[in-house]
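There are 2 protein chains.
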Amino acid sequence: MTTERIGLAVAEDESLVLGAKLREAREYVGLKQDQVAQHMELPRTAVSEIENGRRGVSAIELKKLARLYQRPVTWFTGEEKEPAVPADVAFLARTASALSDNDRQELQRFAEFLRSRSKVSGDGRS
Amino acid sequence: MTTERIGLAVAEDESLVLGAKLREAREYVGLKQDQVAQHMELPRTAVSEIENGRRGVSAIELKKLARLYQRPVTWFTGEEKEPAVPADVAFLARTASALSDNDRQELQRFAEFLRSRSKVSGDGRS
DNA sequence: TAGCGCATGTCGGAATTTCCGACAATGGCA
DNA sequence: TGCCATTGTCGGAAATTCCGACATGCGCTA
Numbered sequence: 001m002t003t004e005r006i007g008l009a010v011a012e013d014e015s016l017v018l019g020a021k022l023r024e025a026r027e028y029v030g031l032k033q034d035q036v037a038q039h040m041e042l043p044r045t046a047v048s049e050i051e052n053g054r055r056g057v058s059a060i061e062l063k064k065l066a067r068l069y070q071r072p073v074t075w076f077t078g079e080e081k082e083p084a085v086p087a088d089v090a091f092l093a094r095t096a097s098a099l100s101d102n103d104r105q106e107l108q109r110f111a112e113f114l115r116s117r118s119k120v121s122g123d124g125r126s
Numbered sequence: 001m002t003t004e005r006i007g008l009a010v011a012e013d014e015s016l017v018l019g020a021k022l023r024e025a026r027e028y029v030g031l032k033q034d035q036v037a038q039h040m041e042l043p044r045t046a047v048s049e050i051e052n053g054r055r056g057v058s059a060i061e062l063k064k065l066a067r068l069y070q071r072p073v074t075w076f077t078g079e080e081k082e083p084a085v086p087a088d089v090a091f092l093a094r095t096a097s098a099l100s101d102n103d104r105q106e107l108q109r110f111a112e113f114l115r116s117r118s119k120v121s122g123d124g125r126s
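Note that the protein sequences, when read in sequence, are chains W and D.
Counted the way the UniProt record's numbering counts, the first sequence spans residues 1 to 126.
Counted the way the UniProt record's numbering counts, the second sequence spans residues 1 to 126.
For the record, the hints were derived by calculation from the structure and aren't laboratory data.
Wrong hints could be hidden among the right ones.
Just so you know, same-sequence chains aren't split out, so a pair can sit in one copy or run between any two.
Capping the alpha-carbon separation at 20 Å, the derived lysine to aspartate or glutamate pairs in EDC-like fashion look like this [to be verified]:
(1) K32 / E61
(2) K21 / E49
(3) K64 / D13
(4) K21 / E61
(5) K32 / E12
(6) K64 / E27
(7) K64 / E49
(8) K32 / D13
Turn these sequences into a full structure, and let the hints steer you where they fit.
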């Protein structure tokens with residue numbers, strides 16, 4: 001893992017990037033920070049701080065901003081298809097989705113049973 | 001805790017919906033709140049509060065959670081498709097970006113004027 | 001039925017973030 | 001230059017989040 005540095009710098013970095021994208025999108029549609037602030041019911045300084053990465057953006061705010069800027073949310077988040085979870089887990093989950101609630105519950109119980117049998121292997125969390 | 005402020009109720013409502021979706025997605029992949037908390041480097045109580053709509057979710061957190069849960073961010077924001085921006089609008093914006101600030105401002109005002117003329121019920125996004 | 005273990009919910013105060021007005025810096029233009 | 005619009009920054013109040021400790025709910029089993 002390359003991100004073992006400070007941990008907080010990552011989030012700041014991401015806020016910086018997100019803020020830059022938000023600014024670009026805003027300028028693209030020709031809106032002033034003030035107008036955005038009014039639309040969002042935020043202090044106008046918040047918009048400035050957001051675009052400079054000094055203030056976070058909530059998911060709901062991002063959704064609203066994306067609409068205002070007429071861009072899909074993914075334009076700001078950058079869609080990725082990185083399995084942060086073992087692929088087999090995801091696959092199991094998809095399979096389970098086709099089951100009834102009861103069957104799914106049973107499947108879950110069975111999974112827990114299996115785990116309890118071999119509680120030796122630790123969960124491979126990074 | 002009075003409920004006199006209606007304006008905030010909207011945000012709370014949205015947080016409730018988002019939290020429910022996050023919970024559904026988490027259970028779908030068979031993760032415990034505790035595991036999610038570790039992955040996100042958050043207190044596990046935060047995950048609980050998020051799923052119950054008592055704590056907000058930052059855009060960056062949502063992005064991370066979406067990856068963890070193997071879903072597109074739009075699954076949570078509920079926006080799915082939707083460039084929905086007619087090509088002519090995009091073209092107009094592109095054109096506008098090449099204008100000077102003043103010209104763009106004027107263009108903006110004119111656009112607002114046009115909108116006020118056919119002002120029916122605001123942004124009828126359906 | 002009581003009791004245990006696991007997952008989740010909730011509470012309280014400290015820590016952090018956000019709000020918001022006031023003011024500064026920047027840039028265009030007459 | 002002076003004026004005006006836009007954006008950036010600062011300080012304390014207000015709101016939110018962190019985080020441990022404890023509570024609740026549920027399945028299991030002795």
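A quick look at each hint next to the structure:
{"no.": "1", "hint": "K32 / E61", "result": "within (17 Å within a copy, 27 Å between copies)"}
{"no.": "2", "hint": "K21 / E49", "result": "within (13 Å within a copy, 29 Å between copies)"}
{"no.": "3", "hint": "K64 / D13", "result": "between (22 Å within a copy, 14 Å between copies)"}
{"no.": "4", "hint": "K21 / E61", "result": "both (14 Å within a copy, 17 Å between copies)"}
{"no.": "5", "hint": "K32 / E12", "result": "neither (24 Å within a copy, 27 Å between copies)"}
{"no.": "6", "hint": "K64 / E27", "result": "within (16 Å within a copy, 27 Å between copies)"}
{"no.": "7", "hint": "K64 / E49", "result": "within (17 Å within a copy, 22 Å between copies)"}
{"no.": "8", "hint": "K32 / D13", "result": "neither (24 Å within a copy, 28 Å between copies)"}
The structure shown violates the earlier hints numbered 5, 8.
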